[in-house]
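Protein chains: 2
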Amino acid sequence: MNLIDETGAKESSATRGAYLTLRDMILTGALPAGQKLKIEQLRGILNTGASPVREALSLLTSDMLVERIDQRGFRAAPASKTNFEEILALRCTLEDLALRQSISAATSEWEEQLVLSHHRMKKVTGQDSAAFEEAHRAFHMTLLANSGSPMLERFCAQLYDLNIRYRNLAANSVTYQRRDITAEHDDILEATVQRDTDLACSSLLNHYRLTGEYLSRSLDT
Amino acid sequence: MNLIDETGAKESSATRGAYLTLRDMILTGALPAGQKLKIEQLRGILNTGASPVREALSLLTSDMLVERIDQRGFRAAPASKTNFEEILALRCTLEDLALRQSISAATSEWEEQLVLSHHRMKKVTGQDSAAFEEAHRAFHMTLLANSGSPMLERFCAQLYDLNIRYRNLAANSVTYQRRDITAEHDDILEATVQRDTDLACSSLLNHYRLTGEYLSRSLDT
DNA sequence: ATGTCAATAAATATCGATATTTTGGAGAAA
DNA sequence: TTTCTCCAAAATATCGATATTTATTGACAT
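Just so you know, the sequences run in chain order A and B.
Count the first sequence with our numbering and you get residues 1 to 221, in order.
Count the second sequence with our numbering and you get residues 222 to 442, in order.
None of these hints come from the bench; they were simulated from the model.
Just so you know, even glycine gets a beta-carbon here, dropped at the ideal spot from N, CA and C.
Be aware that one or more of the hints could be misleading.
Below 25 angstroms or equal to it, Euclidean Cα-Cα: the simulated SDA-like pairs (lysine to any residue) are [said to hold, decoys possible]:
hint, chain 1, residue 1, chain 2, residue 2
1, A, K36, B, K302
2, B, K344, B, Q322
3, B, K302, A, L205
4, A, K81, A, D196
5, B, K259, A, E153
6, A, K81, B, K343
7, A, K36, B, T282
8, A, K81, B, M372
9, B, K257, A, S12
10, A, K38, B, K259
11, B, K302, A, E153
12, B, K343, B, L248
13, A, K81, A, S13
14, B, K257, A, K38
15, A, K81, A, Y214
16, B, K302, A, S203
17, B, K302, B, E332
18, B, K302, A, A106
19, A, K123, A, R217
20, A, K123, A, S13
21, B, K343, B, T303
22, A, K36, B, H357
23, B, K257, A, A145
The following label-pair restraints were derived from C-beta to C-beta distances [to be verified]:
hint, chain 1, residue 1, chain 2, residue 2, range
24, A, N206, B, I290, 17 to 27 angstroms
25, A, L116, B, P299, 28 to 38 angstroms
26, B, A392, A, P150, 35 to 45 angstroms
27, A, R154, B, Q256, 17 to 27 angstroms
28, B, A271, A, K36, 46 to 56 angstroms
29, A, R120, B, T303, 43 to 53 angstroms
30, B, D401, A, P150, 52 to 62 angstroms
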């Protein structure tokens, strides 16, 4: 059987499809934190065999989105205020480092990618929220993409996603307060392009901490 | 069939067994960096089915010891001088942070665990090298174990193992220079117990950088 | 020689069936 | 009631077979 997706392109593989779907379901909260992930049940949702499901879950372990207990199956990673605050703190440390390294190795090519991803993000602001999320992620990752340290970037990307997850969890209970995020992004871009390292980093961290405090509060309730 | 290992205890699971064995083979260099990891071939070595092998390999992805390319199988993570230096630099940053946090949250209980793991390490120095490696790892992880940040500790543990791998790769070509590592460990322990944060951190980083320079040189050839 | 393309071989990915282990609960003993 | 033990049900883990994809080879035209 030749699986064809809506666009007519061949799907890469059942495992990859399962991986992407499950990842999304965990990040959006469709699979709640701490929930047991039963193979049979997921087989139904993803309509595929047990092997791709198991393999996708094993892969999600890397992203700290799934926990595996030997002989006892998988579960969605638990969530807690403590864990959220740990993520925020680590993220601030690592992104600060990565942004500093990126700026100190700045090239005009990187600068242009930055302007581009910022532009693309602005363009989709307000409309499709999924498109904005994607562009927002791309902008932030581009900021760090010149650090010269792929592993550091990987850690940051992981932490970014884990943070998004908490944002989604909180979004269910409280409407997402829309402060002037656009202005914050503009400031980060501007300072970075000017290669004002300290200002860029403090803007970035401030950006995270503002959201962080808001989320932290909503996790109390 | 009930698999029983040499000690008479039940083996946890085929997947876990495969995971541990493969991990060890990659860390020790028995599976060289960059090598293609064919399922059938590994099935032979581990004598188990394809599913546990694939799942173990997927799990090893978390540790950055295996790369997975969709539809094209698995390979042992490549190694390079650049990669080694990245690991060393990241490690220094993260362990410095973790040790500072550990010391600032120091308790007498942690202090005692530290003394214990140091003692156990000294006890096996010189004899069984595998036993020393294990005790050495335990000592270093205990140093960080009080940081209050499980994710940070996880990152450090990952980087520690990746570093060990390079040590093993280099050890094949050059005899391992035995400078006074014992004294270095003593210094780290002493400063930590005294809660002299700066001295403890600089001793720790120095410990890593000395080994690092040595390894870095041997990777040139 | 050299590049292209189809046929073949090899390897990966996936399925369905089965063995093994854990879980939950009913009933017996304290 | 509480605690234990044992049995059935559920879930996980694993196997062997097969489908699908990628890699390789060699004939053929340039």
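For each hint, the structure was consulted:
A threshold of 25 angstroms between alpha carbons decides the hint, and for K36(A) with K302(B) the separation of about 42 angstroms lies outside it, so the pair is violated. For the hint linking K344(B) to Q322(B), the alpha-carbon distance of about 28 angstroms lies beyond 25 angstroms, and the restraint is violated. Of the supplied pair hints, the one linking K302(B) and L205(A) is violated, its CA atoms being roughly 32 angstroms apart against a limit of 25 angstroms. Between K81(A) and D196(A) the alpha-carbon distance is near 33 angstroms, which puts this suggested pair outside the 25 angstroms criterion.
For the hint linking K259(B) to E153(A), the alpha-carbon distance of about 29 angstroms lies beyond 25 angstroms, and the restraint is violated. With a C-alpha separation of about 40 angstroms, the suggested pairing of K81(A) with K343(B) is violated against the 25 angstroms cut-off. Restraint check for K36(A) and T282(B): the C-alpha separation of about 22 angstroms stays at or below 25 angstroms, so the hint holds. Distance check on the hinted pair: K81(A) and M372(B) sit about 14 angstroms apart at the alpha-carbon level, within 25 angstroms; holds.
For a cut-off of 25 angstroms, the pair hint linking K257(B) to S12(A) stands: about 20 angstroms separates their Cα positions. For the suggested pair K38(A) and K259(B), the alpha carbons sit about 29 angstroms apart, so the restraint of at most 25 angstroms is broken. With a C-alpha separation of about 18 angstroms, the suggested pair K302(B) and E153(A) falls inside the 25 angstroms cut-off, and the hint holds. A threshold of 25 angstroms between alpha carbons decides the hint, and for K343(B) with L248(B) the separation of about 23 angstroms falls inside it, so the pair holds.
The hinted pair formed by K81(A) and S13(A) fails the criterion: a straight-line CA distance of about 36 angstroms is larger than 25 angstroms. Taking the CA atoms of K257(B) and K38(A), the gap is about 32 angstroms. The hint is violated against a cut of 25 angstroms. For the hint pairing K81(A) with Y214(A), the CA-to-CA distance comes to about 12 angstroms; that is within 25 angstroms, so the pair holds. Distance restraint check for K302(B) and S203(A): the Cα-Cα separation of roughly 34 angstroms exceeds the 25 angstroms cut-off, and the hinted pair is therefore not satisfied.
For the hint pairing K302(B) with E332(B), the CA-to-CA distance comes to about 36 angstroms; that exceeds 25 angstroms, so the pair is violated. Proximity of K302(B) to A106(A) is assessed by CA-CA distance (about 23 angstroms); at most 25 angstroms being required, the pair is judged to hold. Only pairs whose Cα atoms come within 25 angstroms are accepted, and K123(A) paired with R217(A) is rejected, the gap being roughly 31 angstroms. As the CA atoms of K123(A) and S13(A) are separated by approximately 32 angstroms, the hinted pair breaks the 25 angstroms bound.
Pair hint K343(B) plus T303(B) does not hold up; C-alpha atoms about 33 angstroms apart against a cutoff of 25 angstroms. Distance check on the hinted pair: K36(A) and H357(B) sit about 36 angstroms apart at the alpha-carbon level, beyond 25 angstroms; violated. In summary, the hint linking K257(B) to A145(A) is not supported, as the alpha carbons are separated by about 28 angstroms, beyond the 25 angstroms threshold. Evaluation of the 17 to 27 angstroms hint for N206(A) and I290(B) yields a failure: the beta carbon distance comes to about 39 angstroms.
In this structure the hint that L116(A) and P299(B) lie 28 to 38 angstroms apart at CB holds, the actual value being about 30 angstroms. Distance hint check for A392(B) and P150(A): the Cβ-Cβ separation is about 25 angstroms, which falls outside the suggested range of 35 to 45 angstroms. Hint check: R154(A) to Q256(B), Cβ distance near 22 angstroms, so the stated range 17 to 27 angstroms holds. Between A271(B) and K36(A), the C-beta spacing of about 26 angstroms breaks the proposed range 46 to 56 angstroms.
About 31 angstroms separates the C-beta atoms of R120(A) and T303(B), a value inconsistent with the hinted range of 43 to 53 angstroms. Taken as a hint, the range 52 to 62 angstroms is violated for the pair D401(B) and P150(A), whose Cβ atoms sit roughly 34 angstroms apart.
Violated hints, listed in ascending order, are 1, 2, 3, 4, 5, 6, 10, 13, 14, 16, 17, 19, 20, 21, 22, 23, 24, 26, 28, 29 and 30; each of the other numbered hints is respected by the structure.
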